[in-house]
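A.B. asks: Please put together the full structure from these sequences, using the hints given.
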Amino acid sequence: MTKRRNAGCNAVDHHVTRRNFMGTGAMAGAMAGFGGLLTPSMAKEMKSGQKQILQVYLQGGVSQFESWDCKPGTKYGGPFRPISTSVPGVQICELLPYTAQKMHLLSVVRSINLQTDDHTVGRLFMEKGRKNGDYPFVGAVASKYLTAADNPLPGYVHITTRGLVDQTAGFLESKHEMMRLEGVKPPTNLERPKDLSKSLAIRAEGLRQQLNQQFGGKRSRALIDSYDTSFEQAQQLMARSDLFEKQDEKELDRYGRHWFGRRCLLARTLLEQGVTCVKVTHHGYDTHAENFNFHVEQLDEFDKTFATLLGDIEDRGMLDNVLVIIYSEFGRTPKVNHKYGRDHWGKSFSIALGGCGIQPGGVVGATNADGTEVSDREVDGAHLFHTYMQAVGIDSQSDHTLDGRSVPIGDPVAAPIKELLA
Amino acid sequence: MRYIYIPGLICFLWGALLPCSALSAQDQSLHDIIDDSLRQAQGDLADRSASVIDDYGFARRVYLDLTGRIPSPTQLASFVEDEQANKREALVDQLLNTPEYARHMQYVFDVMFMERLPKKHVAPEDFQGYLRTAFSSNKPYDALASEILGSDGSKPELRPASRFLLDREIKREETVRAIGRVFLGRDLQCAQCHNHPNVDDYLQQHYFGVAAFLQRSYLFTDPKSKVVSIGDKVEGDVKFTSVFTGEESQTQPRILELAEIVDPEPAEEPYEVKPDTNNRGVPKYTRRLQLAPAMIDAENTAFRQNIVNRIWAMLMGQGFVEPLDMFHLGNPPSHPELLALLADDFMQHQYDLKYLIKELVMTEAYQRESEFVDVADAEERPLYLNSSAKPLSPEQFAWSLMQAVGVVEQSRQVAIAAVTKENESLELSSPEAAKLIEEKVHAALKPSVDKVVGVFASSNAASRFDASANHALYLLNGPEVSSWLATGKQYLLDDLLKSDHNADVVKSAYLAIYSRLPNEAETGIATAFIEQSEEAREEVIRELVRTLLCSAEFRFNK
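The listed protein sequences correspond, in order, to chains A and B.
To convert, note that position 59 of the first sequence is 39 in the numbering used here; the numbers rise steadily by one, no gaps.
To convert, note that position 404 of the second sequence is 444 in the numbering used here; the numbers rise steadily by one, no gaps.
Keep in mind that a hint or two might mislead.
[Said to hold, decoys possible] Here are a few chain B residues that sit away from chain A, every Cβ distance over 10 Å (derived from the structure):
| id | residue |
| --- | --- |
| 1 | P196 |
| 2 | N235 |
| 3 | E300 |
| 4 | I397 |
[As the list claims (entries may be wrong)] Subject to a maximum C-alpha distance of 30 Å in a straight line, what follows is the list of computed BS3-like cross-link-like pairs (lysine-lysine):
| id | chain 1 | residue 1 | chain 2 | residue 2 |
| --- | --- | --- | --- | --- |
| 5 | B | K529 | A | K174 |
| 6 | B | K547 | A | K178 |
| 7 | B | K127 | B | K475 |
| 8 | A | K284 | A | K230 |
| 9 | A | K51 | A | K398 |
| 10 | A | K178 | A | K165 |
| 11 | B | K461 | B | K486 |
| 12 | B | K159 | B | K491 |
| 13 | B | K491 | B | K475 |
| 14 | A | K178 | B | K529 |
| 15 | A | K198 | B | K547 |
| 16 | B | K279 | A | K111 |
| 17 | A | K111 | B | K160 |
| 18 | B | K179 | B | K195 |
| 19 | B | K538 | A | K178 |
| 20 | B | K491 | A | K178 |
| 21 | A | K198 | B | K127 |
| 22 | A | K51 | A | K284 |
| 23 | A | K198 | B | K398 |
| 24 | B | K314 | B | K264 |
Hints in this document: simulated from the structure, not taken from any laboratory.
Where is the CB? At the ideal position from N, CA and C, for every residue including glycine.
C.D. replies: Right, dumping it as structure tokens:
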């Protein structure tokens, strides 16, 4: 596995090839702004920084019409209006006013066709970059290649409630399997048994290390070491149980006191602490009935909280190293059904992404006038997977090599969306 | 050093050249032939072989490998004290005839065949029961494979065997991959859309050759009983296109490079039973039914080499070919002649698993210490100078945990009492009684086994070892382990607390957990751990036990 050469998230010789990138007029200004950020010292700092990923998963399938790809006044457009954003010429749905003010940090892909309307198939395709097969998720791959060897925290954490039990590590090692947090509760078995004193626990840990030292002395070390490491990780997690304790009241005021607010605040903490990939799920977008009312509620909760989180990541100087992805397993049907719902639709929908390695302020691809099909630059889960990997500096066109096996990291039949890469 | 050993060498060479006949003509046992062959490959390094393991180590190793759990202190003592010259062989013979052997093999093969897939149409317990019966009667492996690949779920007595196909719903993606991995040692998944990009000899035609056996099969739901089984039709051909070259091809059923199996001339009426909504289609000639005979055919060397490689890996810690499902030209076996010889010999012995397992366990290579003599040899390609410390499977680990802390023994006493009560005339030492007792113990402890396995089972079916923080957290802080370390339940801790003498406590703990005696230094360290604590003695001894359970020595079959 080789890291992509010179692929720091801020390569100066970025190529912008798509005509509609940022709109022709806006290009010059934004480019100047980007170049201005790159003082030599900062660039150096960023190169040494660990690359991370924040995935915000809108579970159930957010409607592209009510988010990133408005079709006002058309047959299927729905009642909401588009609004201007911080990027001249780029408009998104009026249900996302706070996010609209952060669009200079994000780009939108409006031309995704997964050719499936199935939740599981769509979700796995968006995560694995393969429509089927035993491949690892984005977060597991990131955990494997981006996590420093001495990082005691798990590489891939998912903050969620409902249990979608996916095998996320595929053929990668178990330590890259997603660690699931039930909302903001700590992981299972994090607390020391009640009858065990701290001092005895410390002595026991010392004894364990001594025993293993002895046992491993004249044996092949690889497996024994990895067993040892799992206990070190466990000890580190137990020592950091404060991460999961009470959240700061003032911060909760900013993020919102609903579950999504609390989760996004925990996500920020975990990113700050160095977890490689943090996934936050916002449930409830499968709007087969009352699509419009539900989107008003859901996106109201999402919008301000997400914009706050994105702003915090930027303010802390982390955005150059954190790839941010907002996605679903598919979009929703153009046609509105008799219950005012929109159904599953994987044929033409959108996602947004930004931060590490991504050219901001752009729009890639388009759907036709009614939004019923992709009209320009069709991509699928495989292209997106390649793009995420390239953005964080993993060469998706090289191979995983694991105990004698070599498997292409990204699907060899697809390629990254070059015009999105900074 | 027995380096030059002509009969063995000759036999070994002949064995490679004349796969079927050479072995039986010689008097030498297979385990000696294996050791000679390995020694050949070791060359000058052979004198750096580790010594043969002592009786404690041997007992722990064979109990784990043949019965899936560590020995109880009583079993351990009775073996160590046994003064027969051939007591190792006697123990192996004894263990191979226990119900625990059949249970352990059930676990191993269930995971291999079904990769912990959830239930679809056949209850996993039925499949597991079917496997256990097969291993208990030592059903020849080719017969087992035949039943698993040939069952369609319509015959009640073989319905459990059909889980392999039915619970993958004969979906091409999953089924072809499983057949390739499990029966041929080849993961053909990447050859689905194009010839494998990195493996020269995994071709798209191999993938689709296997797919063609099943192309005409479908899931049939009986309208009355709602039972799902496999029906077949007489039409449906396999065509495939490479996504790289765009080239179109087709194939009839075939196994790897063997000849295509051509359909006979179609009869005027091709069906015994025509497929319709009420009837499962049964053609006069069914492609699917050609799969099992083609698989076990003597021409298909991949079938027997795969299973021998897997059994070798189970006992020796690594296969001749690693990963186990990556047999290909670019990844040759470490000892190609020996693998071929073993595979052919296995076929000669009617695919007798107990015979193969016993011969491997009786080798010196199996019985060596796992510590290497010279660190320089440690990372050499597998020469078998020392044995390797094998991680316990999740099931082995679960049962060993409960054996070590005394839960199994207690459950056994309960089971013995129940069996005695239910069958007054039954001799407790009889095989029937042993089977009944094992079943009761298993039923009582299954929920706990399932919990441990749920934590330790890997997401990756091909992986034999995994370690992650949640495993460690479970052992350190999880509720089951804590409950097993409680006092007042007649578990291990009550036993240990009976003695006031700390060195005796340490000795008993080592025997129960590591199945060996502590050396002087170890006794010193552990007694110091007990004595230098301010906490109550019970608490400290509990932590000593927990720490031994959390240590690498307990996690591995060393």
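A.B. asks: A separate judgement is required for each hint: does it hold in the structure or not?
C.D. replies: Right, here's what the structure says about each hint:
no.: 1; hint: P196; in the structure: holds, 32 Å
no.: 2; hint: N235; in the structure: holds, 12 Å
no.: 3; hint: E300; in the structure: holds, 27 Å
no.: 4; hint: I397; in the structure: holds, 23 Å
no.: 5; hint: B/K529 with A/K174; in the structure: holds, 19 Å
no.: 6; hint: B/K547 with A/K178; in the structure: holds, 26 Å
no.: 7; hint: B/K127 with B/K475; in the structure: holds, 24 Å
no.: 8; hint: A/K284 with A/K230; in the structure: holds, 15 Å
no.: 9; hint: A/K51 with A/K398; in the structure: holds, 26 Å
no.: 10; hint: A/K178 with A/K165; in the structure: holds, 22 Å
no.: 11; hint: B/K461 with B/K486; in the structure: holds, 23 Å
no.: 12; hint: B/K159 with B/K491; in the structure: holds, 18 Å
no.: 13; hint: B/K491 with B/K475; in the structure: holds, 24 Å
no.: 14; hint: A/K178 with B/K529; in the structure: holds, 26 Å
no.: 15; hint: A/K198 with B/K547; in the structure: holds, 23 Å
no.: 16; hint: B/K279 with A/K111; in the structure: holds, 20 Å
no.: 17; hint: A/K111 with B/K160; in the structure: holds, 22 Å
no.: 18; hint: B/K179 with B/K195; in the structure: holds, 19 Å
no.: 19; hint: B/K538 with A/K178; in the structure: holds, 26 Å
no.: 20; hint: B/K491 with A/K178; in the structure: holds, 27 Å
no.: 21; hint: A/K198 with B/K127; in the structure: holds, 29 Å
no.: 22; hint: A/K51 with A/K284; in the structure: holds, 23 Å
no.: 23; hint: A/K198 with B/K398; in the structure: holds, 28 Å
no.: 24; hint: B/K314 with B/K264; in the structure: holds, 18 Å
Violation of the numbered hints given earlier is absent; every hint is satisfied by the structure.
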